[in-house]
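**Q** Take a look at the letters that make up each chain.
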Amino acid sequence: MGLDFGVEVFQNEYLPEGQAQVDAIVTVTATGTAAPAPVEGAAEVLIIDTSGSMRYPPTKLAAAKQATEVAIDTLRDGVMFAVVQGTDEAEVLYPRGSGLVAASPHTRAGAKQAVARLRADGGTAMGRWLMLADRVLATHTGGGPRHAILLTDGQNQHETSQQLARTLDKVAGRFTVDCRGVGTDWEVAELRRISEAMLGTVDIVADPAGLAEDFRAMTAAAMGKAVADVSLRLWTPEGAEVVFLKQAAPGLLDLTGRRTESGVRTGDYPTGAWAAGESRDYHVSVRVKPAKVGDRMLAARASLVSPGGEVLGQGRVLAVWTDDTALSTRISPEVAHHTGQAELASAIQEGLEARKTGDTDTATARLGRAVKLAHESGRTDTAKLLAKVVEVQDPATGTVRLRAGVADADEMTLDTRSTVTRRVGKG
Amino acid sequence: MTGPPQPPDTGPAEDHPTDDDPREEHRMSMETCPECAAPVSPQDRFCEECGRNLRVQRTTVGGPETVARCACGGEVFDADGFCGNCGRARPSARDRVEFVLPGLAGVSDRGKRRQRNEDSMAFGRVRGRGVAAVVCDGVASSERAEQASQVAVDTAVDVLLTAVQSGTDPEAATKDAVLAADAAVARLARPGADAVAPSCTFVSAVVADDTATVGWVGDSRAYLVAEAGAARLTTDDTWAAQLVAEGVLTEEEALTDRRAHVLSRWLGADSGLEGPQAVTFRVETPGLLVLCSDGLWNYLPEPEDLLAVLPRGVPPIEVARELVEVALKSGGHDNITVVVVTLRGGHGA
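Which chain is which? The protein sequence lines are D and L, in order. All residue numbers for the first sequence refer to my numbering, where the first residue is 5 and numbers rise by one. All residue numbers for the second sequence refer to my numbering, where the first residue is 316 and numbers rise by one.
Simulated from the structure, these hints should not be mistaken for laboratory data. Some hints here could point you the wrong way.
Claimed, not checked - Here are the simulated BS3-like pairs of lysine-lysine, each with C-alpha atoms no more than 27 Å apart in a straight line: (1) L:Lys427 <-> D:Lys293; (2) D:Lys360 <-> D:Lys388; (3) D:Lys392 <-> D:Lys376; (4) D:Lys388 <-> D:Lys376; (5) D:Lys293 <-> L:Lys644; (6) D:Lys296 <-> L:Lys644; (7) D:Lys64 <-> D:Lys360; (8) D:Lys296 <-> L:Lys427; (9) L:Lys490 <-> L:Lys644; (10) D:Lys250 <-> D:Lys376; (11) D:Lys392 <-> D:Lys360; (12) D:Lys388 <-> D:Lys250.
Working from the sequences, and respecting the hints, build out all of it.
**A** As structure tokens, then:
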């Protein structure tokens, strides 16, 4: 544990008389040359869906097995790991028993053999998989990152949404989870719910052949973390209210509901684990009691805090009320950019939802708006994905027509990647 | 005036400190030394304990002390001076300053629109001799304007009080005070930053025996208010005032002209100042001398305007408070500073 956190605040602190809402982008960069946590400190659980749906087409299970094997190969010697197979039940496939085992040439070979013998059968209850992963990770005594990869192809049919919600409440903050959907039979919203709660990512693996590389990247990223369980602590003045706190880059992640009170007018929001050199943007929106014109106020103090309560970095969100409109009408490019990126994500999600329910007007309007926003912010990646779902007539005005035959994979790719954001000037 | 102004106080026993006077230490007591609290007698010229000059009383050098408490009641501030409770920046002690001495008092207020109070005031009294007062208004477009005005009033009031004590010619003393203040402000300038060199205006009053001398540079003003009426004693050193003098603009046009406040003379590194304008007159009837920054007179430009809102029969601090209140109620667009000196008439202050 040896990272410092550089905190930069981007905002226009000048507000017109009476304005209560204060918005700022807080850029947090882990600095210092801290090496990744010692391998013995890190723990990895690979969760592979072996429900009946994985059988068709047969290449699906084969690809998932192959990807899991690649993931096992990426585990450095000494990393504590386990492989869990999930159906409507969950079971530790490797090692025997219910704990973790240190990665070594011997255990990696053993794990891969166990994976090779997997057969697909049964239902899908992801909450149970996560509960088991939690129990397995609870046996881990190291202080490093705890991470799981959840690989599935289907919908969470064998438990209710409430059951999953209860599980997520219980295990959130104890480890991080990256979710990967294989094929097109899974629900984007469902996996996003898990990855958001577990501070991980979600993506589609339309082509199983691409899984191996993705797994390699995920495990490498998870194991590269130098500090785990860093919280963003927000102090706000008396009478103030946090409207929202969202991670704005590299991906959108609403943390507003994840607040834990940690002091007077102070709350902690989980940010998970950090690697040296990693940088993220957070959008803080606070409603304060407006002061008089000419007054300055500390509208929020954002601190990065270690699990032990040590403050690793700090930034200030200010408010200055002025009757000088030249000051108060200035736009913070960072706040405007991330506000636009968040709107782009919701326009895509709402547009696709409307399209699914047959509400052509709303779908056309929202997806048209998304095309315009993607165009304006130079999001060519998103623009390309949008163009597979709508026929773009004029990107500048967002004039579009819905396409008739859209491949499920294209639609799901657009949906899952809608929360990927860019930073100002890096678009 | 419908009622006679308050007679000047001859000693602390007749002082009129009010309950909300924030500056306890400025209520001078002849019973104890204001410096070291040792007991002293009214005849003592110096404190036998610490050597303090007991004949001279003056406002604190360097201006008011730090504020300990936020407006919300919070007493904890973070390293950058933000209140741990309501988040507001620690109020500058300069936001609202009140000083009271026997026979004269002043109020300086940030106003409602400016982020800082760049006006300063200083005044003092030599027992049995007279009083001196200075108001300076830091030029907002210059650097460290509040430092400029504070240094100017401190420097000038020292020179003036020394003159009151030794009986030097007040007009000569006023010129010395202005030049000393000008030099002191000039020393604040950064080399090579002439365009933004700290600068300020100046208006002073010396009242001793039966004469009063007013000196000024810039657009801070002095008014004389007596039973018979009121008069402005100063002429603004502004481009607009010059244009009025030359007949290019009318008084009314000048007030709204964008050049109304562009100074033609000021104190500071780039001032090229040779001396103040000054006027000396005999104090024949009781009255009040009002020194103020443009934060007040913008709302009460004519002597009659001032007379119309002036409270009667109250001590100088109440007069100053009321005038500042009028400016605040009118919008408080600039810093407001008012120093009120009681003129006894006929036999000095």
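**Q** All hints are to be evaluated individually against the structure, with a verdict given for each.
**A** Comparing the hints with the structure gives:
1. Using a Cα cut-off of 27 Å, the hinted pair Lys427 of chain L and Lys293 of chain D holds, with the two alpha carbons roughly 17 Å apart.
2. Simply put, Lys360 of chain D and Lys388 of chain D have alpha-carbon atoms about 20 Å apart, close enough for the 27 Å limit, and the pair holds.
3. Simply put, Lys392 of chain D and Lys376 of chain D have alpha-carbon atoms about 15 Å apart, close enough for the 27 Å limit, and the pair holds.
4. Among the hinted pairs, Lys388 of chain D with Lys376 of chain D is consistent with the structure: their alpha-carbon atoms are about 12 Å apart, no more than 27 Å.
5. Distance hint between Lys293 of chain D and Lys644 of chain L is fulfilled; the C-alpha atoms sit about 23 Å from each other, no more than 27 Å.
6. Note on Lys296 of chain D and Lys644 of chain L: the hinted pairing holds, with a Cα-Cα distance of about 14 Å set against a maximum of 27 Å.
7. Pair hint Lys64 of chain D plus Lys360 of chain D holds up; C-alpha atoms about 26 Å apart against a cutoff of 27 Å.
8. Our distance criterion of 27 Å between C-alpha atoms is met by Lys296 of chain D and Lys427 of chain L, whose separation comes to about 7 Å.
9. Our distance criterion of 27 Å between C-alpha atoms is broken by Lys490 of chain L and Lys644 of chain L, whose separation comes to about 36 Å.
10. For a cut-off of 27 Å, the pair hint linking Lys250 of chain D to Lys376 of chain D stands: about 23 Å separates their Cα positions.
11. A C-alpha spacing of about 15 Å is found between Lys392 of chain D and Lys360 of chain D, which places the hinted pair at or below 27 Å, so the restraint holds.
12. Pair hint Lys388 of chain D plus Lys250 of chain D holds up; C-alpha atoms about 26 Å apart against a cutoff of 27 Å.
Going through the hint list in order, the structure does not satisfy hint 9, though it satisfies all others.
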